[in-house]
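J.: Sequence lines, in order, name chains U and V. Sequence positions in the first sequence follow this note's numbering and run 11 to 269. Sequence positions in the second sequence follow this note's numbering and run 2 to 380.
To be clear, the hints were calculated from the coordinates, so they are not data collected in a lab. Take every hint as true, because none was put in to throw you off.
Calculated cross-link-like contacts (lysine-lysine; reagent style PhoX-like; alpha-carbon spacing at most 20 angstroms):
#1 V:K334 with V:K292
#2 V:K199 with V:K358
#3 V:K292 with V:K358
#4 U:K27 with U:K242
#5 V:K8 with U:K199
#6 V:K8 with U:K207
#7 U:K242 with U:K262
#8 U:K199 with V:K45
#9 V:K267 with U:K27
#10 V:K222 with V:K189
#11 V:K48 with U:K199
#12 U:K59 with V:K48
#13 V:K114 with V:K45
#14 U:K98 with U:K116
#15 U:K199 with U:K59
#16 U:K199 with V:K114
#17 V:K231 with V:K108
#18 V:K26 with V:K48
#19 U:K227 with U:K98
#20 V:K311 with V:K380
#21 V:K189 with V:K114
#22 V:K264 with V:K26
#23 V:K234 with V:K311
#24 V:K264 with U:K27
Far from chain V by the CB rule (all over 10 angstroms, computed), these chain U residues:
#25 D103
#26 S151
#27 G172
#28 N191
#29 P221
#30 G257
With beta-carbon atoms standing in for the labels, derived distance ranges:
#31 U:P148 with V:K270: 51 to 61 angstroms
#32 V:Y342 with U:E249: 23 to 33 angstroms
#33 U:D133 with V:S7: 27 to 37 angstroms
#34 V:P27 with U:P148: 35 to 45 angstroms
#35 U:Q241 with V:V263: 18 to 28 angstroms
#36 U:T213 with V:G273: 57 to 67 angstroms
#37 U:G257 with V:K264: 34 to 44 angstroms
#38 V:L298 with U:D60: 33 to 43 angstroms
#39 V:G273 with U:E253: 38 to 48 angstroms
For glycine and all other residues, C-beta sits at the position ideal for the given N, C-alpha and C.
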Amino acid sequence: MNIVVCIKQVPNTNEIKINPETGTLIRDGVPSIMNPDDKGGLEMALRLKDQYGANVTVITMGPPQADAILREAFAMGADRAILLTDRKFAGADTLATSYALAGAIKTLDYDLIIAGRQAIDGDTAQVAPEMAEHLGLPQVSYTVDLKYNNGLCLVKKETEEGYQMLEVPTPCVLTVLAIANQPRYMSVKGIMEAFDKEVEIWTADKIDVDPNRLGLKGSPTRVKKSFTKPQKSPGQVYEVDAEEAVGIIISKLKEKFII
Amino acid sequence: MDFGFSKREELFLQMIREFAENEVKPLAAEVDEQERFPMETVEKMAKIGIMGIPVPVEYGGQGGTNQMYSMAVEELSRVCATTGVIVSAHTSLCINPILEYGTEEQKMKYVPKLAAGEWIGAFGLTEPNAGTDAAMQQTTAVLDGDEWVLNGTKIFITNAGYAHVYVVMAMTNKEMGTRGISAFIVEKGTPGFSIGKKEKKMGIRGSATCELIFENCRIPKENLLGEQGKGFKIAMNTLNGGRIGIAAQALGIAQGALDETVKYTKERKQFGRAISAFQNTQFQLANLDAKIQAARLLVREASYNKDMHKPYAVEAARCKLFAAETAMEVTTKAVQFHGGYGYTREYPVERMMRDAKITEIYEGTSEVQRMVIAGNLFK
Chain U
11 MNIVVCIKQV PNTNEIKINP ETGTLIRDGV PSIMNPDDKG GLEMALRLKD QYGANVTVIT
71 MGPPQADAIL REAFAMGADR AILLTDRKFA GADTLATSYA LAGAIKTLDY DLIIAGRQAI
131 DGDTAQVAPE MAEHLGLPQV SYTVDLKYNN GLCLVKKETE EGYQMLEVPT PCVLTVLAIA
191 NQPRYMSVKG IMEAFDKEVE IWTADKIDVD PNRLGLKGSP TRVKKSFTKP QKSPGQVYEV
251 DAEEAVGIII SKLKEKFII
Chain V
2 MDFGFSKREE LFLQMIREFA ENEVKPLAAE VDEQERFPME TVEKMAKIGI MGIPVPVEYG
62 GQGGTNQMYS MAVEELSRVC ATTGVIVSAH TSLCINPILE YGTEEQKMKY VPKLAAGEWI
122 GAFGLTEPNA GTDAAMQQTT AVLDGDEWVL NGTKIFITNA GYAHVYVVMA MTNKEMGTRG
182 ISAFIVEKGT PGFSIGKKEK KMGIRGSATC ELIFENCRIP KENLLGEQGK GFKIAMNTLN
242 GGRIGIAAQA LGIAQGALDE TVKYTKERKQ FGRAISAFQN TQFQLANLDA KIQAARLLVR
302 EASYNKDMHK PYAVEAARCK LFAAETAMEV TTKAVQFHGG YGYTREYPVE RMMRDAKITE
362 IYEGTSEVQR MVIAGNLFK
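Make a model of the complete structure from these sequences and hints.
T.: This is the structure we're talking about:
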């Protein structure tokens, strides 16, 4: 089985601070990590590999520094790594990103494509579903568990109300939540070998795409304004039983003329 | 020598830190309190290769460097010194002499299982009357047909009881003095070999420290490690390597105590402000930070020399001396900065101070390290 896993390098948002004067993110010195949902997706692929044997290819689009997460993926057990990097990809929104990724994946052999649900720096959850559309593949988002049987994926999908169990034939695209599993640690041997393996560098010319649909040119999204969410006051905590709580809530809502 | 980390070392550091934070730190207080050997941690470490970092791949190891091994002991000890010394004694004191002095058969028999963490290793040199004066070995080994017969007692043996493989020194010819000492490999379960009393210690309380008792213990002739009469040299060279591991352990304890103190002094308010705002706090912690980094560079230098197959005995003595004394100073001051809370088991610095003390004692006391360094000055 050939599995392609899409991963992204993101700033560790737990360590990001906001400049109080400009309201912008201070990214300097913030460590970059493999996006947590993507790591969950990679772990899911590696478990299939452990169980059934598979060839796991990781792919990312980003600047040359994104090499670091591909090495990490090697050290966890990935077999092949591709870095899509080119100035022509710069400024891509989710549409142009998903289009470029689809253009690259099209040239690979795959039975299953796994991606994280969303990246912690953008939180759109759009790239993998759009990619599935570009590739004309069935997709299941919000995957928390996967069983594979002879070309069929039995997928447990999280919804707001609970779970759905879905059966989907391969090839297909799954997006995975970080809570789906506990990703393995890199092994020491994996780390030693990670730097002896080749990370394949693919530019725009190498993949099957229309250059006009790449990067900023191919991105219809325009950011009108960005701002920091105003901080809420800490509020007041009442430790009371439910009945008394209802009374307090109603009187507070009345006080503010909400009801 | 490069002072920074290579990309490979950076990735390794990321892994070992994550592992230490998530798997080792949560158990540290309990392991200390209950004097419990953290077997579950050893199993987890085995799975990802931490029990055989600097061991060549052809012997089932990870093919890593001594530099990475030191980094691992440091990061583990930063959160739990017990875990650090389990790895250090296993790797430096058991795997290392077998790799260095073993026959091909011995290496193939013992190293792959040790490096995989399937077996744990230990080392027996110290005796009731042979501490710093290690040449005063009273344990004897007499050749009887195809077997060596061992008699005697070793004390303060790290990993004892949990270890499967013991590198043990014994006198094979009393008249020859240090040249009459030989090294042997003894397996757990060999008739006549038993584990004696377990020590109740001040620190590293989760690490098993016991007596080894040999009563007409018969081991095969081929379990002689290295040449007959070369045991003292083997032991001393093994300890040279071990000292780098203990220095890394001391360094980790010191860094862990500083981390805790920085965190605490930012939170703790007295006289209307965080105690980190007082210049006394800042200057004292700055001094400790500088000493820790100096200790780290000494450890890196010794590890580098070992990796490059350059002499490292003096470098190992220097880094162990300095890192151990730094650990004692940093942890003592860390408790002081925590005040009354630091004296309680609510905060980890109390444990760290108890753990630090042993690094000035085992694998050569600070006095022995000074002897080694001075010996080089006045040679």
